[in-house]
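Chains as they are written, first to last, in this note's numbering: chain E, 1 to 348; chain Y, 1 to 348; chain Z, 1 to 348; chain X, 1 to 348.
To be clear, the hints were calculated from the coordinates, so they are not data collected in a lab.
Remember, predicted model here, so these are calculated numbers, not experimental data.
A hint or two may mislead.
Said to hold, decoys possible - Here are some, though not all, of the chain Y residues that point toward chain Z, as calculated from beta-carbon distances under 8 Å:
| # | residue |
| --- | --- |
| 1 | S163 |
| 2 | Y164 |
| 3 | D236 |
| 4 | L264 |
Said to hold, decoys possible - Computed Cβ-Cβ distance ranges for the label pairs, DEER-style:
| # | chain 1 | residue 1 | chain 2 | residue 2 | range |
| --- | --- | --- | --- | --- | --- |
| 5 | E | H116 | Y | K292 | 36 to 46 Å |
| 6 | Z | G220 | X | D271 | 35 to 45 Å |
| 7 | X | S163 | Y | H206 | 48 to 58 Å |
| 8 | Z | K330 | X | D141 | 52 to 62 Å |
| 9 | Z | G117 | X | D271 | 54 to 64 Å |
| 10 | E | K332 | Z | G220 | 37 to 47 Å |
To be verified - Restricting the straight-line Cα-Cα distance to at most 27 Å, the calculated cross-link-like pairs of lysine-lysine (DSSO-like) are:
| # | chain 1 | residue 1 | chain 2 | residue 2 |
| --- | --- | --- | --- | --- |
| 11 | E | K330 | Z | K201 |
| 12 | E | K131 | E | K29 |
| 13 | Y | K29 | E | K292 |
| 14 | Y | K292 | E | K29 |
All C-beta atoms, glycine included, are put in the ideal place defined by N, C-alpha and C.
There are 4 protein chains.
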Amino acid sequence: MTLRFGVIGTGAIGREHMKRIENKLSGGKIVAVTDMNQEAAKQVVTQMKLEADVYPDDRSLVAADNVDAVLVTSWGPAHEANVLAAIEAGKYVFVEKPLATTAEGCMKIIKAEMNHGKRLVQVGFMRRYDKGYVQLKKAIDDHFIGEPLMVRCAHRNPEVGESYIDDMAIHDTLIHEIDVLHWLIDDEYESVSVSFPKKTKHALPHLRDPRVVTLETKGGVLITAEVFVNCKYGYDIQCEVIREEGIASLPEVDSISFRKRATLGTNILMDWKQRFIEAYDVELQHFIDSIKQSGEPSGPNAWDGYVAAITADAALKASNSGQKQFISLKEKPAFYSVKKENAHEAML
Amino acid sequence: MTLRFGVIGTGAIGREHMKRIENKLSGGKIVAVTDMNQEAAKQVVTQMKLEADVYPDDRSLVAADNVDAVLVTSWGPAHEANVLAAIEAGKYVFVEKPLATTAEGCMKIIKAEMNHGKRLVQVGFMRRYDKGYVQLKKAIDDHFIGEPLMVRCAHRNPEVGESYIDDMAIHDTLIHEIDVLHWLIDDEYESVSVSFPKKTKHALPHLRDPRVVTLETKGGVLITAEVFVNCKYGYDIQCEVIREEGIASLPEVDSISFRKRATLGTNILMDWKQRFIEAYDVELQHFIDSIKQSGEPSGPNAWDGYVAAITADAALKASNSGQKQFISLKEKPAFYSVKKENAHEAML
Amino acid sequence: MTLRFGVIGTGAIGREHMKRIENKLSGGKIVAVTDMNQEAAKQVVTQMKLEADVYPDDRSLVAADNVDAVLVTSWGPAHEANVLAAIEAGKYVFVEKPLATTAEGCMKIIKAEMNHGKRLVQVGFMRRYDKGYVQLKKAIDDHFIGEPLMVRCAHRNPEVGESYIDDMAIHDTLIHEIDVLHWLIDDEYESVSVSFPKKTKHALPHLRDPRVVTLETKGGVLITAEVFVNCKYGYDIQCEVIREEGIASLPEVDSISFRKRATLGTNILMDWKQRFIEAYDVELQHFIDSIKQSGEPSGPNAWDGYVAAITADAALKASNSGQKQFISLKEKPAFYSVKKENAHEAML
Amino acid sequence: MTLRFGVIGTGAIGREHMKRIENKLSGGKIVAVTDMNQEAAKQVVTQMKLEADVYPDDRSLVAADNVDAVLVTSWGPAHEANVLAAIEAGKYVFVEKPLATTAEGCMKIIKAEMNHGKRLVQVGFMRRYDKGYVQLKKAIDDHFIGEPLMVRCAHRNPEVGESYIDDMAIHDTLIHEIDVLHWLIDDEYESVSVSFPKKTKHALPHLRDPRVVTLETKGGVLITAEVFVNCKYGYDIQCEVIREEGIASLPEVDSISFRKRATLGTNILMDWKQRFIEAYDVELQHFIDSIKQSGEPSGPNAWDGYVAAITADAALKASNSGQKQFISLKEKPAFYSVKKENAHEAML
Ligand SMILES: NC(=O)c1ccc[n+]([C@@H]2O[C@H](COP(=O)([O-])OP(=O)(O)OC[C@H]3O[C@@H](n4cnc5c(N)ncnc54)[C@H](O)[C@@H]3O)[C@@H](O)[C@H]2O)c1
Ligand SMILES: NC(=O)c1ccc[n+]([C@@H]2O[C@H](COP(=O)([O-])OP(=O)(O)OC[C@H]3O[C@@H](n4cnc5c(N)ncnc54)[C@H](O)[C@@H]3O)[C@@H](O)[C@H]2O)c1
Ligand SMILES: NC(=O)c1ccc[n+]([C@@H]2O[C@H](COP(=O)([O-])OP(=O)(O)OC[C@H]3O[C@@H](n4cnc5c(N)ncnc54)[C@H](O)[C@@H]3O)[C@@H](O)[C@H]2O)c1
Ligand SMILES: NC(=O)c1ccc[n+]([C@@H]2O[C@H](COP(=O)([O-])OP(=O)(O)OC[C@H]3O[C@@H](n4cnc5c(N)ncnc54)[C@H](O)[C@@H]3O)[C@@H](O)[C@H]2O)c1
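Extracted from the complex, chain E is given alone in its bound form (with noise of 0.2 Å):
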């Protein structure tokens, strides 16, 4: 059996997931495709010389009887709609972050999947695949080193351009931390604050670079997160857990090591995009692989978009208000509690 992809939006992340499901994974395949851009979408099929369709909205694009899954790779404020256009359909749908621009929209997409009855929605939070993440969650879940206690972290990149405005140090950079973070020390986030220290020469005037963003959990974890978008040296994704018995941290990007100029140095990569490869491919074929063996997806669900928009929010709230602001989540359904096969079990 073979999962026929109908895409959404085939900008820059579509077509690399495109490429990925045709020519790398095993068990999709892309039959249907479409976008605002009309032209984009013929092109794409063209060039890849995909057997697949071009449709003229979602909803056509949704309603083909030869799809089985949507991925949507539209643009953020897009993905409401298009992600509750597939569960009405009944059809699996794989969505980049954000599930939702908004808790509101996540909510809704909850209690449409919960109508459902079934699983039906992946969110893209591709770190929960990554192998150094998946090593950290199996070192805690073994409480090899004792219960949590704090965790320092760090998402540097080396620069970002005019259009990168302030908010999306929160909703685009930090948000990978807010989901990440959650599921790795498995608890809830209670609050978050923001501090923000000199502004580094570098970042251009409207926005504010570097903060650092401190969570705390229900169960008393204290997080704290450096967001710093123009760090020049690489992109650089830290994170250390500070436990009872000891402390575990990511591994550096693998890289030779070399001896030169009275340097020895390994590579840190300058391009965000091959940080997280290996996972972008590991993530979609668990999607694949849950759908096919258990008929539902695994992996990050819409009560992580829910969480991850909520948080986001507040702490966008608090990098404008200088305050403390604190995290109320509704109460979790038990239709999310129910366990699943965790993605990080399906790497080991």
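With chain E fixed as given, assemble chains Y, Z and X with the ligands onto it according to the hints.
Using the frame of chain E, we list chains Y, Z and X with the ligands on its own:
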């Protein structure tokens, strides 16, 4: 188009490769299977729920109309006949190492393939597809730190059992260094000698362990390769290329780091199967992709299989005689010199 | 010329420093000793075979003609009186931290020293003489990777006993970060706040552990300093300075590396006394040398002692109130601004 | 008691050692100085403001009543005569390597010292006092990871000048490995052979560089020592001991780490003088201390000087003949077998 595989030999690595092709890679499919042990073959087909026919012998499998490519994962001594049968039938063949157990056997295959007129054979030297070696190769090809002068490497296993006889240190262990190093530095071996330090108390009586193999190349590069298969502490592959302006080394295996009980550490693998698990994936995907794109495989070829056989024979002689052995290859046919896209380029 | 020391306080660190001066350093000599516990003082003189007189009290020791410099290693609460006595007598004084237990006490010493007209006092903040910090300082002073924006540090002990009361986390542990960080980034503290993550199960009931102290400087640098004194795994001092073009971090403690039992590791110290053992040597040698060369000590001075006292008081208040505390120093007298040769320059 | 030194040879290392004794170490003092170049000797005394007499020649300096110990830092060929003169006068002598330029010369010194009846001589093999080697030695002596089987080491300099002739690769460079390795693994050399990889383009015409020296010990340990004195990238000393249960390696040189311009790096030294700067201090302090404590130096002795001479001669012969050379030492006199406190124990 899907590349349809017929598999000869459903043992350990045969099954691993079959799972890859069916569940992880794109563009391949198992349609035919055989094994000397017919029950085993049938069982595999059932367990993996394959839509594949079980054939009574190699010949009939190779002859099957729907078989595009033969995957040879039988025992080493059977490889030569299996490969020759495939060539005769004009089928592509991916053969696990060794290509053949003798240099003469390899030569027969080379002649058959040249007669056929285009390349059909790829040998399972997966290290060329390992991310670390690929980075090392790239650093060398870029002349990033000058010309290679020396290479220091080590191939260590925690332990080996009774069935691991002395020759296997060369034929099963060193063989991977033999292949990957001449590719890495783009040079040819001239001589080999072997020294034996004090034997570890952990080696069984019939085995000399560790040993240090010294290879000299026509270009003057001096290679020392330690083979130590009862090193206890882990499965560890090291390679350091000493150049005119600096040194480049393989990365340590990707691992979270931890601070625990007075130690700052990372994990070393104990199981060799984990070490090149991604390289096996890339290797087979590359086999499928190059056939689709150019009608020929472009990974390690029959000539590489011959080089490995000749060099291993000399290393074995050197192990037993205590003398330096010269390595004399026949002249490399133009057929194998034509530049194909390199394996590592496929990964960049 | 030999600098002749009189020692007040022959406890743990007193004896260590006496051994240094007698057996390891150049140009110093112990000629006088006193301790509240007279028996202890006598015993030390006998055991160490010193040619030194035992005095009945601080006053008489300070007054002794052959005493050039007083080494104050009594208990913290006694320091103020000991130092004032030395200044009054016009003697040099090396005083272990704290200079005095209150900011007022420090101010009294500052006034006495300024009245005297030249610097006499050096405070035992030995980290400024640690090779790692010195390299870090140099990298910052060279503007090697841009201006500092953030500092992340940690001060971890494996465990503390019953007698370690909650205030000591600030007064005895954080105090070293307080001193070394403003020196390192050449900036002044503006505010301090303290957060408490979940308490480790290894801390005794009367102690809040770990805690995270946040310091903001007038220049806008944001410092997070973790104090964790029951971290179990080791004595570990970390410091990372995040700058506009990159990051510089303290080295891990010098250690052979080993590959053993599936781990690639280095050793972490368990005993804090080992960590700065060389820094203590350099510190005292520098005290002796600068007095000989320029007639004044040029290490951490009374003003630094005052800064530490004020900042520690604010951090304590912040620990107890849960509120951010502002740090208001009096204006720095020109007397302490005159540039002397810096401690770290002495090491380069 | 102060050990009063007379110095023969006020060249580069002579002056370094004099500064140490005067300004950094405890318990020593320079009271007499001579140099073939009398002007140089006088200048040093003036510049360093020493209270020391300048002598016209070695004999008169050695004979001076107030000289307790002679520091021989003249040119290598002068050492033998200088040391013999000191022994004859019953004075302690610290002699920079080599003890003598020939094995016969060393033997003469050994006989003179044995005739005298107690040990007087220490040879300047400072690596035994390096923290890294001391930790390595301790790890071996503790049988922490089994018995040594192989040692891999490297001695690399960024570059050497015209005056560095081919023999110096053995006599001035490898000599330190020769001394430190047999001490480290507590074994004796049996044979030596030398291989020459392709010559680096950075070596001058008269020099063969790099070279790989293979030493075999009586205990069966196989040592490969690379000497590469135009390696460009840094001064780098590596040593890895491969044992029955694991591997222990020298630490990399202490350095802050930095993240800058796509590199995570630490600094490698360029200047050899920095590498063992602390070892020189410890070495001379240990010389002073053992004489004070036990009446005899207990560091590297005349027998070690002889071992180095014999082994270096064989390595030179092997370099020139291309043949394996056997190393035959005379039997070690009980005089040198009596266990003294080891250098490295002094550091623990
Ligand atoms: N998980 C990750 O690491 C990651 C990385 C990059 C992007 N993303 C997410 O992926 C999404 C797409 O990002 P991108 O970088 O590919 O953007 P892009 O601008 O390159 O592509 C978006 C495409 O969607 C099309 N589109 C927009 N609205 C549409 C609609 N309503 N119907 C049909 N087509 C529509 C646009 O025409 C465009 O071609 C974003 O939500 C982004 O946050 C996630
Ligand atoms: N590249 C690598 O890292 C790597 C790793 C493991 C094995 N190998 C190679 O793979 C090959 C297989 O190894 P394995 O560990 O799977 O062995 P295995 O013994 O587990 O399996 C071999 C299978 O081949 C079958 N077989 C043998 N001769 C046959 C013949 N003439 N016709 C049909 N079936 C036959 C056997 O019945 C058995 O089922 C060997 O050549 C080995 O060197 C390579
Ligand atoms: N810089 C560092 O890293 C460091 C490390 C340890 C201790 N210290 C400081 O050194 C000081 C001493 O610490 P310690 O661990 O040696 O303590 P300790 O209790 O071992 O010794 C203190 C000694 O001082 C004597 N003493 C106390 N008051 C006296 C007085 N008024 N007159 C004479 N003698 C008096 C006591 O009898 C005792 O012998 C403390 O202020 C401590 O904070 C600094
Ligand atoms: N242990 C080490 O790492 C190390 C490092 C450097 C040098 N060394 C050794 O130290 C010795 C000196 O080296 P250097 O670099 O200081 O050389 P140098 O040329 O700088 O100094 C040698 C000095 O000795 C004087 N001299 C020579 N013969 C003399 C004699 N017979 N009587 C009196 N004076 C004499 C010379 O005039 C000169 O001033 C050499 O043997 C060298 O191998 C050891």
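Going down the list of hints, with the structure as the test:
1. S163: violated, 24 Å
2. Y164: violated, 21 Å
3. D236: holds, 7 Å
4. L264: holds, 5 Å
5. H116(E) <-> K292(Y): 36 to 46 Å: With a Cβ separation near 39 Å, H116(E) and K292(Y) satisfy 36 to 46 Å, so the hint holds.
6. G220(Z) <-> D271(X): 35 to 45 Å: For G220(Z) and D271(X) the Cβ distance comes to about 38 Å; the hint holds.
7. S163(X) <-> H206(Y): 48 to 58 Å: holds, 54 Å
8. K330(Z) <-> D141(X): 52 to 62 Å: holds, 57 Å
9. G117(Z) <-> D271(X): 54 to 64 Å: For G117(Z) and D271(X) the Cβ distance comes to about 42 Å; the hint is violated.
10. K332(E) <-> G220(Z): 37 to 47 Å: holds, 40 Å
11. K330(E) <-> K201(Z): violated, 31 Å
12. K131(E) <-> K29(E): holds, 25 Å
13. K29(Y) <-> K292(E): holds, 17 Å
14. K292(Y) <-> K29(E): holds, 17 Å
This entry does not satisfy hints 1, 2, 9 and 11, going by the numbered hints stated previously.
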